[in-house]
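Listed here are the chains, written in short residue letters.
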Amino acid sequence: MIVEVKGIGKTYDNGVEALRDVNLAFPQGKLTSLLGPSGCGKTTLLKIIAGLIPRNAGEVLVKGKVVDGPGPERAFVFQDFALLPWADVLRNVAFGLELRGIERKEREEVARRYIAEVGLEGFEHRHPAQLSGGMRQRVGLARALTVNAEIILMDEPFSSVDEQTRRKFQEDLLDLLRHHQKTVIFVTHSIEEAAYLSDQIALLSPRPGKVSRIVHPNVDRGKNPDEIRRDRNYLDTVDEIWGMLRQYV
Amino acid sequence: MARTTEAAGRLGWQLASFALFFGAWELAGRWPLSAAFPAFSSTFLALMEMLRDGSLGKAYWLTLQPLAIGIVLCGLAGIGFGIGMGLSRTVEWLTLPVFVILQAAPMAAIIPLITYVYGIGLTSKVLAVTLLAAPVIVMNSYKGIRNTHPSLLQMCRSFQGTRRQEVVKIILPHAAALIFTGLRLGLAMGFIGIVIAELLITPTGIGDLITYHSSVADYPKMFATIASIVAVAAISLHLLQRLEQRLFP
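Protein chains in written order, with numbering that gives the first Met the number 0: chain A, 0 to 248; chain B, 0 to 248.
The hints are simulated quantities; they were obtained by calculation from the structure and are not laboratory data. For each residue, glycine too, the CB sits at the ideal point set by N, CA and C. You may find that some hints are simply not true.
As the list claims (entries may be wrong) - Below, a list of computed lysine to any residue pairs in the SDA-like style, where the Cα atoms sit at most 20 Å apart:
#, chain 1, residue 1, chain 2, residue 2
1, B, K168, A, G100
2, A, K167, A, H179
3, B, K168, A, R90
4, A, K64, B, Q159
5, B, K168, A, A128
6, B, K168, A, W85
7, B, K168, A, D87
8, A, K209, A, H188
9, A, K29, A, H179
What the hints assert, rightly or not - Footprint (simulated), chain B over chain A, 3 or more residues, beta carbon under 8 Å:
#, region
10, 79–91
11, 95–101
Stated by the list, open to error - So the derived list for chain A, only partly shown, Cβ under 7 Å to chain B, looks like this:
#, residue
12, A49
13, L51
14, P69
15, F75
Starting from the given sequences, assemble the full structure and let the hints guide the process.
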């Protein structure tokens, strides 16, 4: 278990209790989804794991050690991409390394490699405003990969990406993450997305957010994407999750 | 090719609109609308004469000096205050009310007060410009800093950026466009301030030319002076806006 959260509780200043006594374990090299209706505190939980917002109770352990803030072993991919609008793709992708004081030549070399990996070769000198939503999120993903963190935290990364682009992006993401053997924690509100991508799905119930179930889709990853989407286990998982979530909507 | 014809077409319309405006002015002057309303042609001749005898040049020299000094002072101190207020709650608490009041106060009522304290010299004029221009410059810088996109700040923290990096690499570049807009609006206020100061307190420069020619009933020269200051203000603000669009697309 590379990441563990124990007894996490979070109440916002306005008195809203977002999370209560959340316990979860994230196995190394696997993709775990946090799935639930909006307002169930899944993004809050992810940001607590990232160390971006403080918790009121419990602890977050990364590789057995309690962490209280961001760290080099975790990289975050933002829902709204969080790209610098005044910087080109190359600088945006290299920005994590720039903050770490890596020299320009070196960091741009690393950045170019990951720009190619996410399929944005030739777009190095475009600015975010000149890119589509899907391409912007590829920039966000490349930036998270450059810092070589073992754990990638993704907050609804495909929610502002159109449907066709999303499928292709999901497939690329699976390939990329398997290849680099990353541990991924992935927030989504899409049941299909969770069932398609995840090794493990944590279902959260709303207000206050609690883990209501953990589902293991058991989808055979050796198959190609279209076969997976027709796979019995995949379809059963989608049905099973929908059966559990419909009481909240 | 299409673009040049389009640009030529636009220029044509602009020229036509100027011709219409000046034509109507000429007619209204010859009709005559009022004994104190000179035709465009006589105003234009008066302008030429004032340019030739140097009285207009001398007046602009006296008027633009305090305007420039005031704007530079506001630029340095105002942006400094704005950034300080944006970055520090203490500075915000101390200074924000002052600028909110200044922004709401009817300045024409305050300007005569300056005369009591600083007399009728250059200092008063600079102070008048500063009083009018400072609030908008400060408030824009402050808002530019405060409105930094929160997810960009979280992004910086997630890559373990320091507070210094956060300010230099994210907050300041993000605020630059609004700060520049503040300077442009500040200059617009500065033009108002300087003319009011010259009309109300210090009979020198452009304000003096207007008052003097009005008192001796030389209306073409009075109108020429007014038209020239309107044109100078409009053109310099327009050029700044063009520069702004170039710098911050």
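Taking the hints in turn, this is what the structure says about them:
1. Under the criterion of a C-alpha separation no larger than 20 Å, the hint pairing K168(B) with G100(A) is consistent with the structure, at around 13 Å.
2. With a C-alpha separation of about 18 Å, the suggested pair K167(A) and H179(A) falls inside the 20 Å cut-off, and the hint holds.
3. Restraint check: the Cα-Cα separation between K168(B) and R90(A) comes to about 12 Å, which is no more than 20 Å; the hinted pair holds.
4. With a C-alpha separation of about 18 Å, the suggested pairing of K64(A) with Q159(B) holds against the 20 Å cut-off.
5. Restraint check for K168(B) and A128(A): the C-alpha separation of about 19 Å stays at or below 20 Å, so the hint holds.
6. Between the alpha carbons of K168(B) and W85(A) the distance comes to roughly 11 Å, so the proposed pair stays at or under 20 Å and holds.
7. As the CA atoms of K168(B) and D87(A) are separated by approximately 14 Å, the hinted pair is consistent with the 20 Å bound.
8. Our distance criterion of 20 Å between C-alpha atoms is met by K209(A) and H188(A), whose separation comes to about 15 Å.
9. A threshold of 20 Å between alpha carbons decides the hint, and for K29(A) with H179(A) the separation of about 11 Å falls inside it, so the pair holds.
10. Counting residues of the region 79–91 of chain A whose CB falls under 8 Å from any CB of chain B gives 4; the rule of at least 3 is met.
11. Given a C-beta distance limit of less than 8 Å, the hint that chain B covers the region 95–101 of chain A holds, as 4 residues qualify and 3 suffice.
12. Taking 7 Å as the C-beta cut-off, the interface hint given for A49(A) holds, the closest approach to chain B being about 6 Å.
13. Among the interface hints, the one on L51(A) holds; its C-beta lies about 5 Å from the nearest C-beta in chain B, closer than the 7 Å criterion.
14. Interface hint at P69(A): satisfied, since its Cβ lies 5 Å from the closest Cβ of chain B, which is below the 7 Å cut-off.
15. Interface hint status for F75(A): upheld, as the beta-carbon distance to the closest one in chain B is roughly 4 Å, under 7 Å.
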